[in-house]
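Peer 1: Sequence:
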Amino acid sequence: MASKTKTTKGKKIKSKKPQDIMTKKEFYNLTLPSLFNNKSAGTTIIDKSQGNYFAPDALRGRTFEVNQADLPDNTNSTRKFKFVIDGTKGKDAISSFHSMELISDKVKSIPKKWHTLIETCSKVETQDGYTLRIFTICNTKRKAKSVSKNCYAKLSQVKSIRKVIFKIVSEEFAGDINEAMKKMMTEVVGGRMEQEGAKIYPLQNCYIKKVKVLKRPRIEEGIFDVKVKGKKVEVIE
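Residues in the sequence shown are numbered from 1 upward in steps of one, following full-length UniProt numbering.
Derived by calculation from the structure, the hints in this document are not laboratory data.
There may be inaccurate statements among the hints.
Beta-carbon label-pair distances, calculated as ranges [claimed, not checked]:
#: 1; residue 1: Arg133; residue 2: Arg218; range: 17 to 27 Å
#: 2; residue 1: Ser148; residue 2: Ile46; range: 17 to 27 Å
#: 3; residue 1: Lys106; residue 2: Tyr152; range: 20 to 30 Å
#: 4; residue 1: Ser40; residue 2: Lys149; range: 49 to 59 Å
#: 5; residue 1: Thr131; residue 2: Tyr152; range: 31 to 41 Å
#: 6; residue 1: Lys89; residue 2: Thr63; range: 29 to 39 Å
#: 7; residue 1: Trp114; residue 2: Lys89; range: 25 to 35 Å
Just so we're clear, the structure is a prediction, and the values are computed from it rather than from any experiment.
Backbone N, C-alpha and C define an ideal beta-carbon position, used for all residues, glycine too.
All chains should be built: construct the whole structure from the sequences, respecting the hints.
Peer 2: Quick look at the structure:
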């Protein structure tokens, strides 16, 4: 016997109109700290405020990276700075210093064969309440009229140089965070390390390798936009 097959008419499926995702997004200007005259470093995108969701709260804590050459009045491209968003004022996302480090190509070019690499790590507190972790790096240099192929420093010399570097870092970064950032962008600290360390053993390629913020001062209330408690935000068209 032939099997009976049940046929059903296909249901018409209504095609949904494609929605533009960007209609639910909004842009904020990434504003640099006061040291750079609050200039913009670009824009960042985020979902629009809706219901209990408040866009400025979601932006707070977001970090962005800027090469030193892209900062105002700078041409050196060997460092990159990170900034963290503290809050918003209108469509401006106000940021503060987060970290700094040398680019990887520069760091890899410092160690050399037959030289002694000296690195330090110190903790410094600024006048305005920032606690910084500062990493430095430097290399030994052949003495003048030296015939030797290598220029290795003794362990006692390395320890003495490290003590000198600790002292220099604590003195140079004792001011506020803006003064600290100015010194990070120049070779002031590295030049002093090379000059004072040379009294023990000749040095070269002295740099601040990396700076991290361990602790930052509390942000004062009323400076940035906040959501009113218990109030839902209407959809922004």
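Peer 1: For each hint, tell me whether it holds in the structure or not.
Peer 2: A quick look at each hint next to the structure:
Separation of arginine 133 from arginine 218 is about 20 Å and conforms to the stated range, judged on CB atoms against 17 to 27 Å. For the hinted restraint 17 to 27 Å between serine 148 and isoleucine 46, the CB-CB distance of approximately 60 Å leaves it violated. The beta-carbon spacing between lysine 106 and tyrosine 152, approximately 23 Å, falls within the hinted interval of 20 to 30 Å. For the pair serine 40 and lysine 149, the beta carbons lie near 52 Å from each other, so the given range of 49 to 59 Å is met.
Distance hint check: the CB atoms of threonine 131 and tyrosine 152 are about 35 Å apart, consistent with the given range 31 to 41 Å. At about 19 Å, the CB distance of lysine 89 to threonine 63 disagrees with the hint of 29 to 39 Å. Separation of tryptophan 114 from lysine 89 is about 55 Å and departs from the stated range, judged on CB atoms against 25 to 35 Å.
Hint compliance for this structure: hints 2, 6, 7 are broken, all remaining hints hold.
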